[in-house]
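Chain residues, written in single-letter form:
Number of protein chains: 2
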Amino acid sequence: MKIEKIEPMDIERESFRIITEELKDRAIDPEQAPIVKRVIHTSADFDYADTLYFSENAVKLALDALRSGALIVTDTQMALAGINKRAASKLGCETVCFMADEDVAKRARDEGVTRARVSMDKAKERGDNVIFAIGNAPTALIRLREHIDAGYRPKLIIGVPVGFVNVVASKELIIESGVPCIVARGRKGGSNIAACIMNALLYMLDETRGAAK
Amino acid sequence: MKIEKIEPMDIERESFRIITEELKDRAIDPEQAPIVKRVIHTSADFDYADTLYFSENAVKLALDALRSGALIVTDTQMALAGINKRAASKLGCETVCFMADEDVAKRARDEGVTRARVSMDKAKERGDNVIFAIGNAPTALIRLREHIDAGYRPKLIIGVPVGFVNVVASKELIIESGVPCIVARGRKGGSNIAACIMNALLYMLDETRGAAK
Numbered sequence: 058m059k060i061e062k063i064e065p066m067d068i069e070r071e072s073f074r075i076i077t078e079e080l081k082d083r084a085i086d087p088e089q090a091p092i093v094k095r096v097i098h099t100s101a102d103f104d105y106a107d108t109l110y111f112s113e114n115a116v117k118l119a120l121d122a123l124r125s126g127a128l129i130v131t132d133t134q135m136a137l138a139g140i141n142k143r144a145a146s147k148l149g150c151e152t153v154c155f156m157a158d159e160d161v162a163k164r165a166r167d168e169g170v171t172r173a174r175v176s177m178d179k180a181k182e183r184g185d186n187v188i189f190a191i192g193n194a195p196t197a198l199i200r201l202r203e204h205i206d207a208g209y210r211p212k213l214i215i216g217v218p219v220g221f222v223n224v225v226a227s228k229e230l231i232i233e234s235g236v237p238c239i240v241a242r243g244r245k246g247g248s249n250i251a252a253c254i255m256n257a258l259l260y261m262l263d264e265t266r267g268a269a270k
Numbered sequence: 058m059k060i061e062k063i064e065p066m067d068i069e070r071e072s073f074r075i076i077t078e079e080l081k082d083r084a085i086d087p088e089q090a091p092i093v094k095r096v097i098h099t100s101a102d103f104d105y106a107d108t109l110y111f112s113e114n115a116v117k118l119a120l121d122a123l124r125s126g127a128l129i130v131t132d133t134q135m136a137l138a139g140i141n142k143r144a145a146s147k148l149g150c151e152t153v154c155f156m157a158d159e160d161v162a163k164r165a166r167d168e169g170v171t172r173a174r175v176s177m178d179k180a181k182e183r184g185d186n187v188i189f190a191i192g193n194a195p196t197a198l199i200r201l202r203e204h205i206d207a208g209y210r211p212k213l214i215i216g217v218p219v220g221f222v223n224v225v226a227s228k229e230l231i232i233e234s235g236v237p238c239i240v241a242r243g244r245k246g247g248s249n250i251a252a253c254i255m256n257a258l259l260y261m262l263d264e265t266r267g268a269a270k
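Just so you know, the sequences run in chain order A and B.
Under the working numbering, read the first sequence as residues 58 to 270, first letter to last.
Under the working numbering, read the second sequence as residues 58 to 270, first letter to last.
Only chain A is shown next, with the shape it has when bound in the complex:
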């Protein structure tokens, strides 16, 4: 097996070319394609071409929120680490994760609930101009749905936890919530996928980036 000679700058472009080629018989909404392809780029898993669900106008609404400097909230330090902070801060978007906060840990212990659940409560205090990038905890999505049922209206929920317990059902709760969302149906997802979807959205607004699409 041979190593191809390729310039660092060209690796991403060539990867997207291969992905586009392998997807070629699939009908993918052009607005959604940069996200679907970037998720496949991050996972090498073409299942996402089938499982990624976009609520109506999700991409447009997400871009509007980013342009207005929405707060980006993750449920893991890993997702936080994976989001391109330079691209976010150019738009005036702050990126935060409350999972390691002492007050969150304490309340979770006291109440016997997950820190992810308490993190969502803390995020909600920051208002409605929030995009959630949830790649790990079904309990985060379950809590968000409770808040939505009580009137909360965040700008977008990226709902892509991975796993085996309450993962599939928690994602459906978000799809049925009426709030704009991008969800990976089924068991698959992860913090890397959450960060990747967030970055795909950010790159759509970053003119300095020869955005691979």
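You may find that some hints are simply not true.
In this list, chains with the same sequence are indistinguishable; a pair is considered to hold if it fits within one copy or across any two.
In silico lysine to any residue, SDA-like type, Cα no more than 25 Å apart, as pairs [claimed, not checked]:
hint: 1; residue 1: Lys62; residue 2: Asp82
hint: 2; residue 1: Lys117; residue 2: Ile63
hint: 3; residue 1: Lys59; residue 2: Val225
hint: 4; residue 1: Lys62; residue 2: Arg164
hint: 5; residue 1: Lys81; residue 2: Gly243
hint: 6; residue 1: Lys59; residue 2: Phe111
hint: 7; residue 1: Lys181; residue 2: Gly208
hint: 8; residue 1: Lys212; residue 2: Glu61
hint: 9; residue 1: Lys62; residue 2: Arg244
hint: 10; residue 1: Lys163; residue 2: Asn141
hint: 11; residue 1: Lys59; residue 2: Glu168
hint: 12; residue 1: Lys179; residue 2: Leu128
hint: 13; residue 1: Lys62; residue 2: Glu78
Keep in mind that the hints were calculated from the coordinates and are not lab data.
Using the hints provided, position chain B relative to the given structure of chain A.
Leaving out everything else, chain B in the frame of chain A:
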């Protein structure tokens, strides 16, 4: 679809029970099983039961290195964020990523190579008692193989980059290198998988953790 009531503490145990059940007809080496299962736990992707390659005694050699306080080097901030630093530091293992270092960025620019490649050079200066957790950059693996061919002998290489360009071939270079390794053959992998394999190894040595296996 219903949300199951389950205590936060029990979610991981129940997830591993489901994974074990779904794997039940597969023969998995008992020493490797905690790693294979944790990778499936992180990805919900049973393909890894087929694609994870372990060199002879890789797990035993990795645990020996961790007990001796090996340096853990990643090729992304995301993998670094995903590694359980508390478990690592209990063993005296430092965890580092050189990708954002200014000297690395400068050399990469000057030489027209990837920062991942330069990071590997920087890690090598720290000696042989190193475990590499590489979840992103084929160029990191290619560079490590060059160093190995010149006599470098790190303790373990976790070789799980994801992607479409040189990914498959770079992993085979590591498998054929003769250095202890755990590799996800094929296109799949990722920073989350690198961190997850590292954590599975750390948890094998963490007696305070009722390690889900």
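Can you give me the call for Lys62 and Asp82, within, between, both or neither, at a CA distance of at most 25 Å?
neither (29 Å within a copy, 42 Å between copies)
At 25 Å max between alpha carbons, let me know whether Lys59 reaches Val225 within a copy, between copies, both or neither.
So Lys59 and Val225 pass the 25 Å test across copies only (9 Å; inside, 40 Å).
Cα distance capped at 25 Å. Does Lys62 pair with Glu78 within a copy, between copies, both, or neither?
Classified as within; 20 Å inside a copy, 44 Å across copies.
Intra- versus inter-subunit Cα pairing at 25 Å for Lys81 with Gly243
both (24 Å within a copy, 21 Å between copies)
My question is about Lys163 and Asn141: at a cut-off of 25 Å on alpha-carbon distance, are they close within one copy, between copies, both, or neither?
between (30 Å within a copy, 20 Å between copies)
Indicate which option fits the pair Lys59, Phe111 if close means a Cα-Cα distance not exceeding 25 Å: within, between, both or neither.
Classified as between: cross-chain Cα gap 22 Å, same-chain 39 Å, threshold 25 Å.
When Cα atoms must be at most 25 Å apart, do Lys212 and Glu61 count as within-copy, between-copy, both, or neither?
Intra 43 Å, inter 28 Å, cutoff 25 Å: neither.
Is it within, between, both or neither when you check Lys59 against Glu168 at 25 Å Cα-Cα?
between (56 Å within a copy, 23 Å between copies)
At most 25 Å between CA atoms: does that hold for Lys179 and Leu128 within a copy, between copies, both, or neither?
within (12 Å within a copy, 36 Å between copies)
My question is about Lys117 and Ile63: at a cut-off of 25 Å on alpha-carbon distance, are they close within one copy, between copies, both, or neither?
neither (35 Å within a copy, 37 Å between copies)
Classify it for me, Lys62 with Arg164: is the Cα-Cα distance of at most 25 Å met within a copy, between copies, both or neither?
between (53 Å within a copy, 19 Å between copies)
At most 25 Å between CA atoms: does that hold for Lys62 and Arg244 within a copy, between copies, both, or neither?
between (37 Å within a copy, 18 Å between copies)
Comparing the model with each earlier hint shows violations of hints 1, 2 and 8; every other hint is respected.
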